[in-house]
Amino acid sequence: MYKSKSIYRIILLTLIAIFTTITLVFASNQISKTPQKTEIRGVWITNIDSEVLFSTTATKAAVNRLANLNFNTLYSTVWQGGYTLYPSQVAQQVFGKYLDPTPGLQGRDFLQEVINEAHEKNLTIIPWFEFGFMAPADSELVRLHPNWLSKRRDGTTIKMEGEYQRVWLNPFHPEVQQFILDLVMEIVTKYDIDGIQFDDHFGLPAEFGYDDFTVKLYEKELPGLSPSENYQETFWVRWRADKINNFMGRVSEEIKAIKPDCIISVSPNPLHFALPAYLQDWLTWETEKWIDEIVLQVYRPDIKRFINELERTEVKLAKNNIPFAIGILSGLKNNSTPITTIEEQVEAVRKRNFAGVSFFFYESLWKWGKESENIRNEALEKIFQGKISRPHISSSKKEGKPLKS
1 MYKSKSIYRI
11 ILLTLIAIFT
21 TITLVFASNQ
31 ISKTPQKTEI
41 RGVWITNIDS
51 EVLFSTTATK
61 AAVNRLANLN
71 FNTLYSTVWQ
81 GGYTLYPSQV
91 AQQVFGKYLD
101 PTPGLQGRDF
111 LQEVINEAHE
121 KNLTIIPWFE
131 FGFMAPADSE
141 LVRLHPNWLS
151 KRRDGTTIKM
161 EGEYQRVWLN
171 PFHPEVQQFI
181 LDLVMEIVTK
191 YDIDGIQFDD
201 HFGLPAEFGY
211 DDFTVKLYEK
221 ELPGLSPSEN
231 YQETFWVRWR
241 ADKINNFMGR
251 VSEEIKAIKP
261 DCIISVSPNP
271 LHFALPAYLQ
281 DWLTWETEKW
291 IDEIVLQVYR
301 PDIKRFINEL
311 ERTEVKLAKN
321 NIPFAIGILS
331 GLKNNSTPIT
341 TIEEQVEAVR
351 KRNFAGVSFF
361 FYESLWKWGK
371 ESENIRNEAL
381 EKIFQGKISR
391 PHISSSKKEG
401 KPLKS
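The sequence shown lines up with residues 1 to 405 when you count with the UniProt record's numbering.
Mixed in with the good hints there might be a few duds.
[As the list claims (entries may be wrong)] Derived lysine to aspartate or glutamate pairs resembling EDC-like cross-links, with alpha carbons at most 16 Å apart: (1) Lys159 to Glu113; (2) Lys304 to Glu288; (3) Lys190 to Glu309; (4) Lys333 to Asp49; (5) Lys190 to Glu254; (6) Lys151 to Asp109; (7) Lys333 to Glu373; (8) Lys289 to Glu311; (9) Lys382 to Glu343; (10) Lys151 to Glu253; (11) Lys259 to Glu186; (12) Lys289 to Glu253; (13) Lys121 to Asp200; (14) Lys60 to Glu140; (15) Lys60 to Glu113; (16) Lys387 to Asp200; (17) Lys97 to Glu113.
These aren't lab readings, by the way, just hints derived from the structure by calculation. No experiment lies behind these values; they were computed from the predicted model shown.
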């Protein structure tokens, strides 16, 4: 009799333990898959390997599709390949090209169209200043302004980006700074945008900075010293990064003076790469209150490496102060990320209470995957269940610190 009661008790306790474990696992999954009360649900729209920008019909269809899938933020390119993708008086004056010459962009203002479509669907539209200080080596801008280019120690200017020859405008040159600032302010003042975004190209590859203008500026500010022959030398990196910092502060100050509620978004690489490799000190931009949101590019297929980037100290620090989302690579042409990887990464982001996610890029959400377009679409429907607002950014909360003289 005692033995049967003992067995019964063991069975009962075992069942309770199993039930409790299942409940906890289920609850854990629900928590990690359920977004917060607000969430950035973004996607980048570019003109490379994509047809979205090149007709009014395609633009409208893309915005409708994203709205139906409960996205709430569009980061649409406006400065790419040495051209503006909107009619630009600034570009016309500086290098004689009013608009990207691609046939599908002629006779229309794509940016105005996507703003109208996005706002009609209650989506936030943040133009993406994609190329930053980078330009095609054969562009008209470069041909007309060769003195604007930054150089390596050996005098070379070309940096390959895949199969493409790129050069970098000198971010320390006042004429370059004014040109970039004028392009930015043209968009801010002319269009009803919700924000503007800069990415990893809003910096300079660290091997550059040895052009005559920059060397003379360094020697003027630091008499008796010359730039280090080692482009990774700490002080030389810091001096150049601080110059870019100051320009970012100036850009922020001018944007907020005209449009205080304009979201200044930055989508950089992780800091341990961005600063030493591209002189981009985005943590300072955050601590100085020059930016309103960060969408960190964490393009890592391996989940352990992906999570490692989410748990770095500088990420945790910035995440406590401003909306901090994670950029996820949904794929490149002919090589989309498996939808299970995307689901796993979104879950990891939500589990750590980030502000949201953005996918690079629109086309790869559905195309080029091993799964069918319908399967990928159904997965996205499950990821973004129900409409939800972005985190609100108050202009009063984001008054930047005054610039250093």
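Status of each hint after checking the structure:
A threshold of 16 Å between alpha carbons decides the hint, and for Lys159 with Glu113 the separation of about 34 Å lies outside it, so the pair is violated. Restraint check for Lys304 and Glu288: not satisfied, since their Cα atoms lie roughly 31 Å apart, outside the 16 Å limit. In summary, the hint linking Lys190 to Glu309 is not supported, as the alpha carbons are separated by about 37 Å, beyond the 16 Å threshold. Distance hint between Lys333 and Asp49 is fulfilled; the C-alpha atoms sit about 7 Å from each other, no more than 16 Å.
A C-alpha spacing of about 14 Å is found between Lys190 and Glu254, which places the hinted pair at or below 16 Å, so the restraint holds. With a C-alpha separation of about 35 Å, the suggested pair Lys151 and Asp109 falls outside the 16 Å cut-off, and the hint is violated. In summary, the hint linking Lys333 to Glu373 is supported, as the alpha carbons are separated by about 14 Å, within the 16 Å threshold. Straight-line distance between C-alpha atoms of Lys289 and Glu311 comes to about 22 Å, which puts the hinted pair past the 16 Å bound.
Restraint check: the Cα-Cα separation between Lys382 and Glu343 comes to about 9 Å, which is no more than 16 Å; the hinted pair holds. Note on Lys151 and Glu253: the hinted pairing is violated, with a Cα-Cα distance of about 29 Å set against a maximum of 16 Å. Using a Cα cut-off of 16 Å, the hinted pair Lys259 and Glu186 holds, with the two alpha carbons roughly 12 Å apart. Proximity of Lys289 to Glu253 is assessed by CA-CA distance (about 10 Å); at most 16 Å being required, the pair is judged to hold.
Restraint check for Lys121 and Asp200: the C-alpha separation of about 29 Å exceeds 16 Å, so the hint is violated. For the proposed pair Lys60 and Glu140, the alpha carbon gap of about 31 Å is over 16 Å, so the pair is violated. Straight-line distance between C-alpha atoms of Lys60 and Glu113 comes to about 8 Å, which keeps the hinted pair within the 16 Å bound. With a C-alpha separation of about 30 Å, the suggested pair Lys387 and Asp200 falls outside the 16 Å cut-off, and the hint is violated.
Restraint check: the Cα-Cα separation between Lys97 and Glu113 comes to about 21 Å, which exceeds 16 Å; the hinted pair is violated.
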